[in-house]
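Spelled out from the first residue to the last, the chains are:
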Amino acid sequence: MGNGKQTILELDRIVKRYRTKGFFFGAHGQDVIALNEVFIKILRGEIFGLVGESGSGKTTAGRLIVRLEQPDQGKIYLDGRDITGLKGKASKDYSRRVQMIFQDPYQSLNPLLSVFDTISEPLIIHKIGNAEAREDSVWQAMKSVGLSPPHDFAHRYPHQLSGGQRQRVAIAHAMVLKPEFVVADEPTSMLDASMSAQIFNILLEMRRRLKVTFLFITHSLAAARYLCDRIAVMYKGNLMEIGPAEEVLRNPKHPYTQALMDALPKFVHSGGVKRYETLLQAEREVSGYVGCPFFVRCKVARAPKCSREKPPLKKLDDSHSVACFYAEPGIKTRSGGKA
Amino acid sequence: MSGKSLDNRRVQKFHWMSRFLSGWAIFRQSFLGKIGLTLLALFALMALCSFIPPLVDPMYQPMAGVDPEISTVTGPSTRHWLGTDFMGRDLLSQLLAGARVAFMVGVSAAFMSVFLGTAIGMIAGYMGKFADTLLMRLADIIMVMPALVVLLMLAALFGQLSIWFIVFFIALFRWPGVSRVIRAQTLSLKHRPFIEAARVAGASHLRIIFRHITPNVLPLSFLYMTFQVTSAIIIEAALAFLGFGDPRTISWGMMLQWVWKTGHMFNAPYWLLPPGICISLITLSFYMLGRAMDEVLDPRLRKEGQTD
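Residue numbers (my numbering), protein chains in the order written: chain G, 1 to 339; chain R, 1 to 308.
I should point out that these hints are in silico values taken from the structure, not numbers from a laboratory.
Per label pair, the in silico range of CB-to-CB distance: (1) G:Asp93 with R:Met17: 33 to 43 Å; (2) R:Met127 with G:Val32: 19 to 29 Å; (3) G:Gln30 with R:Phe130: 23 to 33 Å; (4) R:Leu218 with G:Val290: 45 to 55 Å; (5) G:Gln160 with R:Asp298: 18 to 28 Å; (6) R:Asp298 with G:Asn130: 39 to 49 Å; (7) G:Asn130 with R:Leu206: 21 to 31 Å; (8) G:Asn130 with R:Phe168: 40 to 50 Å; (9) R:Met17 with G:Ser194: 34 to 44 Å.
Yeah, the Cβ is synthetic: ideal placement off N, Cα and C, and Gly gets one too.
So here's chain G without its partners, still in its complex pose:
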């Protein structure tokens, strides 16, 4: 993905904190930082992966983009227009362009609405077409997610569907408005492997046909590699590494990404796979440091620099950036026992 493509969505130094409740009368507890100055540009037409462990803030990023929550600092731009403060009609128009696919298909469908009603709901909200046109759109959406023949499913209720079918309904619900940008929040984490593959193919087909841009949130590196053009690796709300999916996963530069690669279970070809060994077995005991978020678990880190200063995103080449002082372009990161 060169610079020739235009940016569709931009997260500009987004900060999101959650306040933990304290004891009586004020004196609230510590802030939990879900996103710390996250800066991402997503290009039109690509599938952008957001990878990280649970609690790394990737879902929060998705929720901010679809405006389920507001950032504490920073701006989000869609086609160059700030969307953080949208109200009323502007907000409604935005929802027509940006949609979300939720993680748990058992929770994301109203149990009292039939498949037909669920999918036609967005069309009714946005008053698109008359009853007949809406119906055509619903049939079309259902066919495109592989719910065919549509008539067999239209009158069913969520409890009469399997997990995979529910997720298809949820995708149709998101796609029926023909959005330009879709946040897919771990859409397959509740499904088995064969279902996941089918869902991925639906998403790829959507992109091919409707030119949708996806933000694909996942904890699975395999899924990210299969689906994404570029990925960003997050850790504790910080962007650690960003670059083309192949490049980042083949040749990870950040010790955290390398640790993630190490954590992948290896079955058949385990012989030839290089291991990075960048994860400390025991966490370092430091209190109140302000440096690299991965410092406490990083073998590569060195005490004064990494614990005092937060490494900025450093460009290794024109598409691959890493937030680590010791990442070098082309050369493998220092690894090994020097802790």
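Since chain G is already given, all that's left is putting chain R on it; use the hints.
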């Protein structure tokens, strides 16, 4: 294509029916539910029959009809199956009219209080923050006020209260319990992903409330209605027994008040027992109905092996 949308409506109706039928299947297995429903059917029959005696003979009118040959308390006879009261009015027709009033009071007060409670609970739960605090503190205040005492004071202030005034006040005092439950349910629904999905799709707050939240809390409201009926009937009966009922309607509490006032408490069991038993049984039957419905709505209460 429009044929299909008609089809959709029909299937939807069918779906509601199948939901009802599966609920009914569970309800039927409940012993309490069966007894409750049978008793209720009996009382409903009584209420319906209350129109018959005055048609047979004007002297059977529960309020104004007096047997020209009797002017005092008499026991059961073929002419008056349950006997007559101190002025020679027929007790059976009073009892039947009492059933009608009990249903009227119970159901209308329960409906009003559940309506209020559901609306307020949903507003508090959905809006949260200031509205929530305000409404729930109001609910607390009303909840700690003894409804009967306040009604007695009002009756003492304004003289005789009409039956609709009483119904209205019962509703006004009984909504907080419902609103608490509905608020809790709304709070839990509000953060379900399907509500968030609707928000992402651009649905307005009104649409989310009416399309997604209301249908999901209504079964609960309906359940609480049966419990509300019970308490409304008891409050009305107590008020009437204490002499603050509506003097123009005949309720079971009113009948008990007359027994007591005219000093026949223990020497006319045919007068004292029927209204007393009726009050107990009708509240019991609504309660049992509620318990059985609870089982339908809450799978955790079901016995082993029961499913939808």
